[in-house]
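Trainee: One-letter residues, chain by chain:
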Amino acid sequence: MNDRLEVLRTMNKLIEYLRGPFVLIVLIVFARYVFPSKMTFLVEITTFSIYIIANDILYGYMGMVSFGQPFYLGVGAYTAAIYLAHVGHDPLVAIVLAILMGLVTGAILGPAYIRLRGDYFALINAASCGLGLFLVEKTFLAFTRGDDGLWYRSRMHATPLLDLRRPDEFFWFAMIVLFLVLVWYTWLNRSTLGASFRAIKVNESKMKFLGYNTFVIRWTGFTLNCVLAALAGAMFAVNYGFVNPSITAPDRAAEVLVATLLGGPGSIYGPFFGTVAFIGLRDVVSAFVSRWELAMGILTIIVCFKFRGGVWGTIQILGNKLKGLKGKSSAQSA
Amino acid sequence: MTAMSENKRVLQVKDLNVSYQKLRVLFDASIEISAGEVVVVVGRNGAGKTTLFRTVSGFLKQDKGTILFKGEDIGALPPYEVALKGLKYIQQDKHVFADLTVRENLELGSYATKDYDWDRVLEHFPKLKTLMDRKGGNLSGGERQMLLMAQSLLGRPDLVLMDEPTEGLAPHVIDDLKVAFKKIRGQTTLMIIEQNLPLTAEVADRVYAMKEGKIVAEIVDKQEIKDLKFEKYL
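Each protein sequence line maps, in turn, to chains L and U. Position 152, counted from 1, in the first sequence is what my numbering calls 152; the numbers after and before it change by one each time, with no gaps. Numbers given in my numbering equal positions in the second sequence, counted from 1, plus 334.
Check before you lean on any hint, since a few could be wrong.
When the alpha-carbon atoms are kept at most 25 Å apart in a straight line, the in silico PhoX-like pairs for lysine-lysine are as follows [claimed, not checked]: (1) K463/U to K13/L; (2) K201/L to K548/U; (3) K201/L to K516/U; (4) K548/U to K517/U; (5) K448/U to K201/L; (6) K517/U to K556/U; (7) K469/U to K13/L; (8) K448/U to K404/U; (9) K356/U to K517/U; (10) K398/U to K428/U; (11) K419/U to K461/U; (12) K463/U to K517/U; (13) K323/L to K560/U; (14) K404/U to K517/U; (15) K321/L to K469/U; (16) K306/L to K469/U; (17) K404/U to K560/U; (18) K556/U to K13/L; (19) K356/U to K342/U.
Taking CB as the label site, the calculated pair distances span [stated by the list, open to error]: (20) D407/U to V216/L: 34 to 42 Å; (21) F30/L to H506/U: 53 to 61 Å; (22) A107/L to V513/U: 45 to 53 Å; (23) I176/L to K516/U: 31 to 39 Å; (24) T464/U to P160/L: 32 to 40 Å; (25) V216/L to D509/U: 38 to 46 Å; (26) S37/L to G475/U: 29 to 37 Å.
Honestly, the hints are just simulated from the structure, not real lab data. Note that the Cβ used here is the ideal one computed from N, Cα and C, for glycine as well.
Turn these sequences into a full structure, and let the hints guide you.
Mentor: Take a look at the structure:
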């Protein structure tokens, strides 16, 4: 009897983890068929969401602002690109190598970077971005071809089951990756690791008094950020078949933070909705006005002052209000 | 010093000297605590009580002196290792993790110590059972203090240091905490910084008085404690 209860509990938990990500993926797939011309946009949203999730671990969960996210994105993108342009032909291998490089980057830089707090942490990451740009533009010119960028689409071989060279099949691959990342992110949100990330943001001293090595926790968070950003970078690289140094440019650091803020930091679906708001607004506004950043700036100011929970936070508040109204009306009718 | 058998000693602090940069704030402080005792440290603001607790719990490093916990020198250990050895410290600020629920706050206490026996802990704080899904930030001062105490008892610590647990709390909440202190004393050893003298008189087995960074008196006589004889050192 107890065993059956345990199995049922585990099943319920599993369904809880899978339900939200599944609904989201179904919505994206639905959008693809309703608006077939927007498939590229949907793939960009999917990949960018993973990038924002990476930043959300640092900023939303642990309260660490980084101006160096393009560097970690670039690590993944250039690892995949260099492999595909000079070494091998399999896009899946390129993505796996990029993930490993993200892991190594986080493991090596983490112990030094996470000793710094607040503005120093933000700035050392910005410095990494500048350094990364210099490395790919000048130092490793022979591998990266500098400003000309790397082109390797014709070198990529077909992969089994889904041919990642074909945009329509890459779409399905992106759906699978986003689904897995979201399931993992849902688990993180409800796990003790996620709670310890959030606890560090509020009161690190207290975590130490409880017996936690907060250095290791922050290092773990930083490394997870690097791995996910590298994964997003590799997906960009494989999808476009081209990488140039602008991917790691320091002036693109703000867009990650803005998208995280727009979505609602520290929530499961915030990164996705932040991405939709950011890229959607950019595409829509830039069709009418050349300086779309103005609209983005105004929106960000409004979010900072009025909607701290971002898009997802506001959706949740509205949902709770609706539930409250429903509850009231059913109580009255009873 | 009171006569205590060596093997029952939980904490021995000898000739502790601590400075904030060049400013020395603790001068040759020595204390001893035996298992099961409730020891209260009294003194005016700035007497060095919190510095003593922060040093014992590993947050500050001493210039000189030794800190033996269950016979082991913990003077060079970081705070999280001290906590895992069974010495917990509840800070004065009563900060719980405001964004986390009571349940999540307790889970963090459990995960670090691998002690998930919440029933044992919550029997002292039954009110927390009704607040499991409430966020830490929405708890009252008394409820936060109860949560902090419950969290610190996970892992069956040998010694809990509490820095002014009743500060800013309503009298009826202090009465509840008093009951909790009495129940807890059978489970662990308590060392408390307290300004509330009647409470000190009621729960303390011994009292250390501090002044200007020094231990100026140790009161062991129960009647003297009840008569608030230590007040003259404040």
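Trainee: Next, verify each hint and record whether it holds.
Mentor: Results for each hint:
no. : hint                         : in the structure
1   : K463/U to K13/L              : holds, 23 Å
2   : K201/L to K548/U             : violated, 36 Å
3   : K201/L to K516/U             : violated, 34 Å
4   : K548/U to K517/U             : violated, 31 Å
5   : K448/U to K201/L             : holds, 23 Å
6   : K517/U to K556/U             : holds, 19 Å
7   : K469/U to K13/L              : holds, 22 Å
8   : K448/U to K404/U             : holds, 21 Å
9   : K356/U to K517/U             : violated, 42 Å
10  : K398/U to K428/U             : violated, 30 Å
11  : K419/U to K461/U             : violated, 29 Å
12  : K463/U to K517/U             : holds, 17 Å
13  : K323/L to K560/U             : violated, 57 Å
14  : K404/U to K517/U             : holds, 23 Å
15  : K321/L to K469/U             : holds, 19 Å
16  : K306/L to K469/U             : holds, 22 Å
17  : K404/U to K560/U             : violated, 29 Å
18  : K556/U to K13/L              : violated, 55 Å
19  : K356/U to K342/U             : violated, 36 Å
20  : D407/U to V216/L: 34 to 42 Å : violated, 24 Å
21  : F30/L to H506/U: 53 to 61 Å  : holds, 57 Å
22  : A107/L to V513/U: 45 to 53 Å : holds, 50 Å
23  : I176/L to K516/U: 31 to 39 Å : violated, 59 Å
24  : T464/U to P160/L: 32 to 40 Å : violated, 56 Å
25  : V216/L to D509/U: 38 to 46 Å : holds, 41 Å
26  : S37/L to G475/U: 29 to 37 Å  : violated, 59 Å
In summary, the structure is inconsistent with hints 2, 3, 4, 9, 10, 11, 13, 17, 18, 19, 20, 23, 24 and 26 from the numbered list given earlier, while agreeing with the others.
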